[in-house]
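**Student:** Residues per chain, in single letters:
2 protein chains.
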Amino acid sequence: MNESDLSALRRRYEDIKSKHYALDLTRGKPGKPQLDLSMGMLDVVKNSADCSAEDGLDCRNYGLLDGLPEAKRLFSDLLSIPAENILVAGNSSLNLMYDCIIRAMQFGVYGSERPWGKEKSVKFLCPVPGYDRHFAICESLGIEMISVPMTAEGPDMDTVERLVSSDPAVKGIWCVPKYSNPSGITYSDEVVRRFASLRPAAPDFRIFWDNAYAVHDFYPENKAQLLDIFSEAKKLGPKSENMIMYFASTSKITFPGSGVAIMAASRDNLEQIKKLMFYQTIGYDKINQMRHVKYFGSADGIRRHMEEHAKLLRPKFEIVCETLERELGGKGVAEWTPPLGGYFVSLNVLPGCARRVYELCRDAGVKLTEAGATYPYHRDPDDRNLRIAPTFPNNDDLQLAMDILCLCVLLASEEAKQ
Amino acid sequence: MNESDLSALRRRYEDIKSKHYALDLTRGKPGKPQLDLSMGMLDVVKNSADCSAEDGLDCRNYGLLDGLPEAKRLFSDLLSIPAENILVAGNSSLNLMYDCIIRAMQFGVYGSERPWGKEKSVKFLCPVPGYDRHFAICESLGIEMISVPMTAEGPDMDTVERLVSSDPAVKGIWCVPKYSNPSGITYSDEVVRRFASLRPAAPDFRIFWDNAYAVHDFYPENKAQLLDIFSEAKKLGPKSENMIMYFASTSKITFPGSGVAIMAASRDNLEQIKKLMFYQTIGYDKINQMRHVKYFGSADGIRRHMEEHAKLLRPKFEIVCETLERELGGKGVAEWTPPLGGYFVSLNVLPGCARRVYELCRDAGVKLTEAGATYPYHRDPDDRNLRIAPTFPNNDDLQLAMDILCLCVLLASEEAKQ
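Chains as they are written, first to last, in our numbering: chain A, 25 to 442; chain B, 25 to 442.
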């Protein structure tokens, strides 16, 4: 590209800027039509008979810390985890994760020699790019984060194994194993098996397995298959099983903020957690658990419901990937992988350009998640990763935002070459 | 009473035992007819327009950490606390309190010199008898509890003032200021003013003001009046206002476990809390907040609703107090104060007799809250306090349970005299 091409890009950019758009690709929020899919849930529990659980418990009253039996079974069927390993909780899996870690700081986990807060240092491995809210928890609690690169198969397991087995200060790792946030990658069977087989130096190392997109597939005929880490770990014995803290939620199945979160863990872990959780709460919202049970009826009911989400999401992700391909494909200025599910597209631009693209977009009226946000401490060492969250805007706005984003990528790349 | 009276009591007791009753006076749970009062709330939010907050926010989606504006206003009107001091949260005020304290252990509160967990020792004052779940939080976190006797006006403020002003390790006090659990006592204006005027040795001392029974009056014409501690503290300046952590919930207004909990605090406190809460959760269940807003419409709506609760609760508390008066009155074996609201009657038996009464009741098929539960570490130094929770059983069962309880008090007292 020569000087006059750069001038042409700049003219196009200035022209767009003058239109004062207000577009937003920042948040992994369902769009309104997605929310409308679950409206039937809101009045499915409305009389006292609806509130009676299968064991006779009145969901409207106090009692039961760890979730309705029928809710446990629903998630057990959905995720192929034994119901006895499941705890059904409140409205936020992030909340469950945070509470697990702050409890670990205060009390330790099952098998800890002392509370994590009494250790000289506590470190977590953070596959990058990753989820900013995971990293924020660590940062707030003074847990040192070590980045581990993601490959097309999941985290670089050579690095994970080396760090986990050599450093007893490494107490945890964050994983979004299916349709990873933001890369969309699903861990391969080999990676899952290597996770289950980890031999940590710390006796109380934990894998925070945030299966946020467990059933969030776009293509019914082409779903990523995630190996069940629990079954793999069980084969290897209780030490392996105890490493796993598994989380999921219906935040992006029904309503963000009004869904149901679950955690799954070994018997030893759950016993230790429930004993401490007793001090924190008398119990979670069982009526809302019952709403989910009654509305879906079965795991298949959830799967059918997710196909309706997929119909709404597919066109959006196609807009993103087709626009990227058309505008940037073959130009050597950006890399991305069209995801099969989840909520994000991860875009790698030329090293040193991500922040510039972010700023150009911002000034042209397109909000992106801040450059760096997908890395611990908001520091992307190569300044190249951007997270695209296309689910919330309508398709016209999305197309416009993507056109502008691509122009900004071209412009930033060209500036960098000058 | 002579030997033959004791024999007669024993015969009556053995006769009752042989009937294998299964009665329960343990838990402060609403009865089914109370739960039925709120059924209309369950389908009051059912279409997408219902989910639109007054500022246009879609309650069904992510966003908003500290509660819907209309929910804040509802509780502001109900409790006479400025809306800007209110945070509307999830389903459990116990959860909010626990989180405040574990955060304080980890990070400190506004004005802390260091996290409470880094202090040599942390102490809480515990008015006794009090709420076992408050005490359990302290015990679980290794916070030393110091009992302070309750008087008919509230906690013994001479003791409170002395301990709070002399010992910087005293970081908090638990208060249930209206219809106290279990004594039913409401703090006098004088006591509330002395609380607001405390001059703690610790710069980060906090009053945990659990106004669990704020509108839980039995007699519309004879409500206990609780002075507003916030207004009192505000007169004295920010240091005083910052001492107050105020909690309430609709657990016993709508549905325990599916209600809405609030906390109220000064701007400085709320800012510090929200900053840390951000790491814990993306937000609370706003649809459930909206259910409460729509169902009640106004604070007066809640007050009218509470009159319906009162109609159901009055007869139960009258059964308790009339039976106590009839069976034990004037015999010098027990003391109690008929409450004007709340969920409990506190019964003091002869010193050394509470555990025996508890066991006699248990063996005769009447479950009581364990003797000692109303004291830190479950240690009632005089072994005399029992908590009666009469709301859950139906009136016939309650009458029977009270008859048996009174018999057990007489029997234990008589045994003690032998």
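Since the hints were derived computationally from the structure, they do not count as laboratory data.
Please note: incorrect hints may appear among the correct ones.
For each label pair, taking beta carbons as the anchor points, the in silico distance ranges come out as [said to hold, decoys possible]: (1) PRO405/B / GLU394/A: 52 to 62 angstroms; (2) PRO139/B / GLY325/A: 40 to 50 angstroms; (3) ASP213/B / ARG386/A: 47 to 57 angstroms; (4) LYS263/B / LEU89/A: 31 to 41 angstroms.
Lysine-lysine pairs mimicking DSS-like chemistry, simulated, CA-CA at most 25 angstroms apart [as the list claims (entries may be wrong)]: (5) LYS56/B / LYS318/A; (6) LYS142/A / LYS142/B; (7) LYS318/A / LYS56/A; (8) LYS56/A / LYS70/B; (9) LYS70/A / LYS70/B; (10) LYS70/A / LYS335/B; (11) LYS318/B / LYS56/A; (12) LYS142/B / LYS70/A; (13) LYS318/B / LYS70/A; (14) LYS144/A / LYS142/B.
We put the CB at the ideal spot given by N, CA and C, even for glycine.
**Student:** For each hint, tell me whether it holds in the structure or not.
**Tutor:** Each hint, compared with the structure:
Between PRO405/B and GLU394/A the beta carbon distance is about 58 angstroms. The supplied range of 52 to 62 angstroms therefore holds. Roughly 46 angstroms separates the CB atoms of PRO139/B and GLY325/A, a value that falls within the hinted 40 to 50 angstroms. The given range of 47 to 57 angstroms is respected by ASP213/B and ARG386/A, whose C-beta atoms sit roughly 55 angstroms from each other. Between LYS263/B and LEU89/A the beta carbon distance is about 38 angstroms. The supplied range of 31 to 41 angstroms therefore holds.
Distance check on the hinted pair: LYS56/B and LYS318/A sit about 21 angstroms apart at the alpha-carbon level, within 25 angstroms; holds. As the CA atoms of LYS142/A and LYS142/B are separated by approximately 10 angstroms, the hinted pair is consistent with the 25 angstroms bound. Of the pairs offered as hints, the one joining LYS318/A and LYS56/A holds, with about 23 angstroms between alpha carbons and a cut-off of 25 angstroms not exceeded. As the CA atoms of LYS56/A and LYS70/B are separated by approximately 15 angstroms, the hinted pair is consistent with the 25 angstroms bound.
Using a Cα cut-off of 25 angstroms, the hinted pair LYS70/A and LYS70/B holds, with the two alpha carbons roughly 11 angstroms apart. Of the pairs offered as hints, the one joining LYS70/A and LYS335/B holds, with about 24 angstroms between alpha carbons and a cut-off of 25 angstroms not exceeded. For a cut-off of 25 angstroms, the pair hint linking LYS318/B to LYS56/A stands: about 21 angstroms separates their Cα positions. Taken as a hint, the LYS142/B and LYS70/A pair is broken in the structure, with Cα atoms around 49 angstroms apart against an allowance of 25 angstroms.
For the proposed pair LYS318/B and LYS70/A, the alpha carbon gap of about 15 angstroms is at most 25 angstroms, so the pair holds. In summary, the hint linking LYS144/A to LYS142/B is supported, as the alpha carbons are separated by about 14 angstroms, within the 25 angstroms threshold.
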